[in-house]
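Chains as they are written, first to last, in my numbering: chain A, 1 to 100; chain B, 1001 to 1550.
No lab work stands behind these hints: they were computed from the structure. Glycine included, each C-beta is placed from N, C-alpha and C at the ideal position. Heads up, some of the hints might be wrong.
Said to hold, decoys possible - Below 16 Å or equal to it, Euclidean Cα-Cα: the simulated EDC-like pairs (lysine to aspartate or glutamate) are: (1) B/1401 with B/1464; (2) A/87 with B/1309; (3) B/1052 with B/1023; (4) B/1089 with B/1036; (5) A/87 with B/1321; (6) B/1290 with B/1268; (7) B/1208 with B/1403; (8) A/99 with A/67; (9) A/86 with B/1320; (10) A/87 with B/1320; (11) B/1077 with B/1036; (12) A/87 with B/1305; (13) B/1465 with B/1288; (14) B/1286 with B/1464; (15) B/1401 with B/1288.
What the hints assert, rightly or not - From the derived model, a few chain A residues whose C-beta atoms are all more than 10 Å from chain B: (16) 49; (17) 74; (18) 100.
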Amino acid sequence: MSVGSSLSPDGKVLTISINGRFDFSAHQAFRDSYEKLIPTPSEIVIDMVDTTYLDSSALGMLLLLRDHAGGDTSNIELKNCNEDIKKILTISNFEQLFKI
Amino acid sequence: MSRVLEAEGHHVIQAETGTQAIDYYFEQSPSLVFLDILMPDIDGYDVASAIKKKGQESRWIPIIFLTSLTDAYDLAKCIEVGGDDFVSKPINRIIIKAKVDAFARISRLYETIETQKTEIQYHNEHLIQEQEAAKKIFNNIAHRGCLAAQNINYHLSPMSIFNGDLMLAAETPMGGMRLMLADFTGHGLPAAIGAMPTSEIFYGMTRKGFAIADVMTEMNSRLYSVLPRGIFCCVIIADIDALEERITIWNAGAPQAYILNQESGEIDLVHSNHLPLGVQTPERFKVELKVLNFSASHKLLAITDGIVESVNTESEMYGEERMLDFIRANIKSDNLCDSLVEQVVEFTGDVDQGDDLSLLEVGFPHHHLDKSIVDAEEVKAQTGTLDSNLSLSLRGKSLGKFDPIPLFLQTLLECRELTPHRSRIFTVLSELYNNALEHGVLGLDSAIKHDSEGFANYYHQRSDKLANLKDGQVTVQIDHRPLNDGGEIVFDFIDSGEGFDFEKAIARGSQTYSGRGIPLIINLCESVDFLEDGRHVRAVYRWYDEQDAE
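Please work from the sequences and hints to get the whole structure.
If you want it as structure tokens, here you go:
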């Protein structure tokens, strides 16, 4: 598991990519990828192209990110999710909170 | 040798023979041992193994052989018998000093590890003790209600509360059963703490007759304010109405639940249609229930993600497909729960699952209206509302949003003598109210419910019509009067609907899924009259003082 992040040149779009399993072990690295950015980027993209699996603690981490990015006013996209991940996100109805 | 060490500030104890060396070692507990191989009585190899065997359980003391032997075999044997190093003779002052320093460093490291190990052990034992105590407290608060009932099989690990899994069951005042399976994210105390308000709300509101939507709304609000962001609760909650033979079920974030028909082999899946509890703000929270036919040949099967996410040695997940196949193959089984758990354990083999398999299997409950649910904890004023009149009109939007039954029930039960009648009064109230609302105001025909598809259709229409309701009115009057040997409650339910042919409904009732309500009310009440073409129902409930009760 590894977490990478990159900021667009204008500082507005933050892309976070997660490699391998997205679970509690990613906790610190995931938080570090967005918490220290001031101001918080107006758009956040989580790229899951290399994410194999996502568990409920990862769902919790996504909620923490959402709160940090302004809760209901946040603009977060989860992209390139595989079928298993989509299923987990759907069970929890996360499409109500994130662009998937 | 001694001079060299003393010059460096060390205290030196010298032994002349091997036996003496062993004795001194245990008497004086040195920090480091230098050993010759050739000694008068027993040789250095034997001394080293004697020391290592007995003396080094709590403390590591390095042994360094001093030797003039150069044969590789002899040198290797030094290490084999338990020595830590060897130095060739003649000894060199600088080498000896360097060795002592190096081993002092390693010794300190050993000591640190040893101390830490003891500390960790202590903390671990402490934690287990705390968990045991906490478990007892949680079991008292988040007790499992009527999970021991005959129609329920379940699997839950003994420490499940610390896995965040919670299973609750209660008999509803209406004589049915309410069940809930909840899974908090995370493990340990944070997960367990959420269980306290959850079970309190579940048992408290169920006993008072609140509907699922109200209970879930309250639970979500409470968890939303209590839980930190990132911890939430996936839940499946279901009401089984033994009288109407239906199940009302909601899934928020949990894996699909299964409603099995053991006779026809049909399986209905109940998918999650909402965010888990504690995520959505109370303003946006919305409960959309699914209503299905549920009879003596039906079964509900609910699980938490521990089952489907169990992995085997090849890191494959058990998964919903395998589960569904297994259910299909064993649909007639009396106890699916145990065999399913067995299958999952077999599937996972040696892979540790962290012990969080939770599974709930519920069959058709007996209708236990006759049994009075007497609540010892409740303290009520004697007589209370014995001589009172209560009246309430609900119009338009309120008809869909507000459930007045708990309010009526609570008010009536302020009269302590009515406590044993709770279930029966609840039934009369809710049957009459639903009748006025569904057949009166909404004009629904219960004949729609002739098969299981029509059954679902009926409840679909009901929620549609309720959502769009602008006019319409239901007026309820409840008059409670004391009599010499007890009391009498007169219920008047008046609706703004088109009226209703009760004779026909009663005649038809016994052949369909519907119409069980009216005969039941007639059975429970002293008299039931249909006035104004069925727009007004008057039911009189008679109760007798304790000693005269059945």
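Each hint, compared with the structure:
1. B/1401 with B/1464: holds (13 Å)
2. A/87 with B/1309: Cα-Cα ~13 Å, so holds.
3. B/1052 with B/1023: Judged against 16 Å, a Cα distance of about 13 Å means the pair holds.
4. B/1089 with B/1036: holds (10 Å)
5. A/87 with B/1321: holds (13 Å)
6. B/1290 with B/1268: At roughly 11 Å apart (the allowed maximum being 16 Å), residue 1268 of chain B and residue 1290 of chain B satisfy the hint.
7. B/1208 with B/1403: holds (12 Å)
8. A/99 with A/67: With a Cα-Cα distance of about 15 Å, the restraint between residue 99 of chain A and residue 67 of chain A holds, given a limit of 16 Å.
9. A/86 with B/1320: Roughly 15 Å separates the two Cα atoms, so the pair holds.
10. A/87 with B/1320: At roughly 11 Å apart (the allowed maximum being 16 Å), residue 1320 of chain B and residue 87 of chain A satisfy the hint.
11. B/1077 with B/1036: holds (13 Å)
12. A/87 with B/1305: holds (12 Å)
13. B/1465 with B/1288: Holds, at about 14 Å.
14. B/1286 with B/1464: Holds, at roughly 15 Å.
15. B/1401 with B/1288: holds (13 Å)
16. 49: holds (20 Å)
17. 74: Nearest chain B Cβ is 12 Å from residue 74 of chain A, so the label holds.
18. 100: Residue 100 of chain A is indeed farther than 10 Å from all Cβ atoms of chain B, at 13 Å.
This entry satisfies every hint, going by the numbered hints stated previously.
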